[in-house]
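Same order as they appear, the protein sequences are chains P, L, Z and S.
Position one of the first sequence corresponds to residue 1 (the working numbering), numbered consecutively onward.
Position one of the second sequence corresponds to residue 1 (the working numbering), numbered consecutively onward.
Position one of the third sequence corresponds to residue 1 (the working numbering), numbered consecutively onward.
Position one of the fourth sequence corresponds to residue 1 (the working numbering), numbered consecutively onward.
Everything labelled a hint here was simulated from the structure, so no lab data went into it.
Hints are supplied without guarantee of correctness; some may be wrong.
[What the hints assert, rightly or not] Partial chain S-side listing against chain Z, Cβ under 10 Å, derived:
#1 Ile9
#2 Gly78
#3 Lys87
#4 Gly91
#5 Phe136
#6 Glu139
Glycine is no exception: its CB is placed at the ideal position from the N, C-alpha and C atoms.
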Amino acid sequence: MLGITGDLALRIAKYYALAFILLLPLPLAGDYVTHLAIMIMLYSITAASLDILVGYTGRLSLGHAAFYAIGAYTSTLLSMNLGVSPWVGILAGGMLASLFGLVLGIPSLKLRGPYLAISTLGFGVIVQLMLINLDWLTRGPLGIPGIPPLPGGPLDLRSKFSFYYVALMLTSVAVYTLHMISRSRIGKVLMSIREDEDAALSVGVNVPLFKVLAFIISTFFAGLSGGLYAHYIRYISPAMSALSESISILSMTIIGGFGTLTGPLMGAAMLTILQELLRPYLEYRYLIYGALIVIVMKFFPSGIYGFVQFLSRKVRG
Amino acid sequence: MPVSRNLLIGLVAVIAIVVIAALLLTMRPIGPAGEETVKIGLIAPLTGSLAEHGLDMKQAAILAVEEINSKGGILGKKIELVIEDTACKADLATAAVQKMITQDNVYAVVGEYCSTVTLAVQPALMESKKLLLVPVSVATKITEQGYKYTARSCANQWMQTTQHADFIAEHLKPRTAAMLGVNDDYGREGLKIWGDRVKEKGVRIVAEEYFDPGTTDFTPQLSKIKAADPDIIFVVANIRDAANILKQAHEIGLYKQFSMLGGVTSEEFLQLAGDDALGLVHVSYFEPTSKRPVAQEFVQKFVQKWNRMPAMYSAGVWDAFMTLKYAVESAGTWDVDKVADAIRKVRFEGAQGTIYYNEKGQAQTKVLLVQVQKVDGKLRRVILYPESDKEGVYIPPERLWGS
Amino acid sequence: MQPTLFIEQTILGLMMGGIYAAVGVGLTMIFGVMRLSNFAHGEFYMLGAFLTYALVMALGGDPYLLAPLSAIAVGLVGIALNKLVFLSLYKELREAKGAAAFFFQDLRFIMLTIGLSILLVDLALVVWGPIPIAIPSVFTSHIVRLPGGLSFSLARIMAFIVATISLIVLYTFLKITKTGKAIRATSQNPSAAALVGINTYRIYDVTMFISTSLAALSGSILGPIYNVYPTMGLDVVAKAFVVVITGGMGNLMGSILAGFLIGLAESWGGLFFGTEYRQVVAFLIMILVLWFRPRGILGGRS
Amino acid sequence: MILEAQGVIKRFGGLVAVDDVSFGVREREVFGIIGPNGAGKTTLFNVITGFYKPEKGRIIFQGVDITGKKPNEIARIGLTRTWQIVKPFLGMKVLDNVLVPIYVKRGILRGISEREAIERAEEILEFVGLSHRRDFLAETLPQGERKRLEIARALATEPKLLMLDEPAGGLTPTEMDEVMEVVRKVRESGVTVIVIEHNMRVVTGICERIMVLNFGKKIAEGTPEDVARNEEVIKAYLGERFHVGG
């Protein structure tokens, strides 16, 4: 299917299963660690989805948080205003996000590099301002408290313990799907666009179509994780679409190692954990945080993933 | 290199990171042995664009804890303060609060500045039965959701804005008004409440303008207001923006009566705005010049420790800690349900005045209305209202400006 | 609508445009020459303002007199950072081949400057504290009244004049001096410039100096008007990028034109749609311009 | 005629890069386009393959007017080009470089099975002599192999007409021979070939007919021998101190 042999799919699935099993006992470490793990997973989906756009297709986005916010708002408003099940809401959130991905993807087809980056930045800001200004729909800048939790049948998904397992399952599925897409024919075609648009055109690749497709895939997953976030934290506000959020998602993708898909997972884990470890330093901690970003990027262009590879090569001699 | 080996390296690394971090993060700090303490958390924006207000909160919290501990703590237990930065971001704040709940096992959390952050952390705190004492966030909704463990020690948006609107309508008697607010929850709610209230009293709103957070130049908005020619201009903004708004209004020749909410009650505001603040009428729920002994003591201690005058946010934080102290002492137990009930019954003299709470946990603080006037050549806030605290009379700004 | 309101809004929009242009010029220059999207540009603006404040405290005098000093100091910081962080990366970049490799280098540079920005904002927070600081100047309190009810502070007019002069000086410098010509040559074609014997790394230093000191100068002349605080750079940098992109990255005249365009668009947009839509209008204008001209009004580098 | 160009004009500002050029290419021949630097050869390629839109004129491929079509559409109906400065997908494996056009041609979602696709890609690599590089990243290949990879990638689109832009440019004589060998084999397999080339050894070695461009204008067309004797061609090339047959 799609150019992945069942063999490869199975082999990669095995690693995911292994990771899944290894991460099962984590909630025993307490609610704080569980909460962080859940946040890391939600960020992982978003950062990995951005990687499809940035790392695989070579399209820089500084507005990815907007899709995360659109997913969150869609699911929230559907479930609170129309009584739609949050599960359906999350899916609808992903779809609406990818619709907006289409809306952003088409006009930005001709744009490259910083032009694309700043346009997407503008899109993020516009979405944030619309969430604030269209208060008849979005309930305005104060945001929406009291979002219903995910219905879990016998499980109470307000508890972090049970939510962790739902999130672990969904994240595994989502990231595995992204992984499969990146290894599929579509993934290879996207990479060819990243490598050289003209060359891709000259061998018959419908470049505009695939660029838009990359936006749609990427934003769909961002929307999904936004919906999950909304029903987990149970409070959302327009600040979700702020530039700083987009930048932190992009940081995870790039610092983790773009174009690898496992890199963004590492980035999400590292940056989230780093922020927590630096907590005791209060207002001094961003000195360390900023300096670390500079150092990693200066010495390891392919991010933490590159660093880990470097280490493993050293170990093996 | 084979695909699967790279993947393996990646996944193993992720798991290693997570597990090592889990170990690091769950290690409990070793405290002084023997002495029993109760931990209280403070969440505030210590970094980011609102860090100046976080500083007000942090300094007051440290001072309050020192004060309580120097008098033997609460029910014999010393208080240990845990401070976390939120940068006014919901995700950082929820993680911080989760850490406080799980790792530090705090008894209560005091915070936050941003209403959006307070609302974000509220469910987690309520479900784990931790008290949330809100000293600054004014969004009315925070205490309207029926949470038993939430209490707010400052006047909320509704209280201060309606009382402000009533005062303006009754004493200044404008026929028309313009409104200018920051385009976020604070500004939007403020303008809505104020506008509706003064309209009931027959005041016509001739302009409603917004500016985005981070704006430094307000002349476009002010120019529109100037063209609408209102009798009074109501502004919802924090210190930095408010000072610029007054300066720039005068720059483009907009000399009108300005009025604002409580967010501008600080010495720094008067320094930043300078003489442009003359004539401004605004809400205050804390006056450092107040003659009341408790306020005097608070101001004196604050100045002694931090070498600056406390802002009203500092007073809110101080009173939040004092609420906890008096509530626990009157309940005679640390049992959180009993303390939550006790909060709704205590009545004490705080920095802001006499503090007591309603059923919803909203402090019924006194809202003061002040005007910035010159006393002995120095800018000072003069209390106009209520009668009991009155220090002077309202002077139309034209007379204060002289020419 | 009153005609005076429209005129006043237009003038205010143009004045804002002047400020956008002043901040944007350094940003566009550094992109044109070094291909660097500098997300830390706002922090040099902020550093300039704080340094001016520090100089006023230490030496006394008016911030508008001390601004050039602080601009030079920040320019030197820019050179130091260039040597410390970016230079070796440019040497690596020479080896890079293919569109993807360049794209990835761009990403790396963007992330580096974001890290730098986080670091510098926090540095300012730790050193000078979070409370906004007013820099006293004789110019801020003087208000010039024009006929028709219009008036501006002398400081604002000063800022406009200083910005204009520095743009003219920069323009002349690039047109007539040898270094200026070398900068333009490097901007147009770095490898050809290297072939004719231009030391491009030295040109990068000079460009960094000019760019950061221009940012610092803007910060120094606007600081007394808008006050000084650690996140002031973040408040301008996004808008500066919008201006630079609209004008065409690397195109000096484009930035100046786009500065005025965006300034006007915001003013008029606020007038017609309500001020809560000012920014929406600014960003939509940018997106519209890019729809028809993917490389900005006057065209720029990709 | 598999390809016909009729009165093609392409301008850049005031410069006329291709000036009223008409020519036809017969099926299964190797057709050469030569001319001094800046004669408009590559521009003509870009016009034919849809990267530029001509101001005037028509391009007809297998009886269909393809003027103004998008490059990817043109490639999909069997007219594929390579690039003077090679553009392999550097960050991808050699095999994947060839797989992308196969997927595009045979169907991304359905159609060819993965096994067939890989077999086909391996065949093509074998054909150009790159089997031993199958799993290398394209960026690790030397220039000669990159040129052959570029041809392999173009062949993977199953072209009826292959347009090669200086396939031997910048190569050592040995590498050059390898590339010429590939071109001959391509032609034998039934694909028509158009070659832009500077090197006359290559041109005379593989081309049946040649067209000469100078300053955007066609100045001669015919067999290599005819063209070599054409006075205008000699004049154009002498200006460049270029010796026919050298």
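Proposed interface contact between lysine 87(S) and chain Z, which counts if any beta carbon pair is under 10 Å: holds, 8 Å
Hint check, glutamate 139(S) versus chain Z [nearest Cβ-Cβ separation less than 10 Å]: holds, 7 Å
Minimum beta-carbon distance criterion (10 Å), isoleucine 9(S) to chain Z: Because about 25 Å separates isoleucine 9(S) from the closest Cβ in chain Z, which is outside the 10 Å limit, the hint is violated.
Given hint phenylalanine 136(S) near chain Z, where the shortest CB pair must fall under 10 Å: Hint on phenylalanine 136(S): violated, closest Cβ of chain Z at ~15 Å, above 10 Å.
Proposed interface contact between glycine 91(S) and chain Z, which counts if any beta carbon pair is under 10 Å: Check passed: Cβ of glycine 91(S) comes within 5 Å of chain Z, closer than 10 Å.
Interface hint outcome for glycine 78(S) [beta carbon to chain Z under 10 Å]: Check failed: Cβ of glycine 78(S) comes no nearer than 26 Å to chain Z, outside 10 Å.
In this structure, the hints that do not hold are numbers 1, 2, 5, in rising order.
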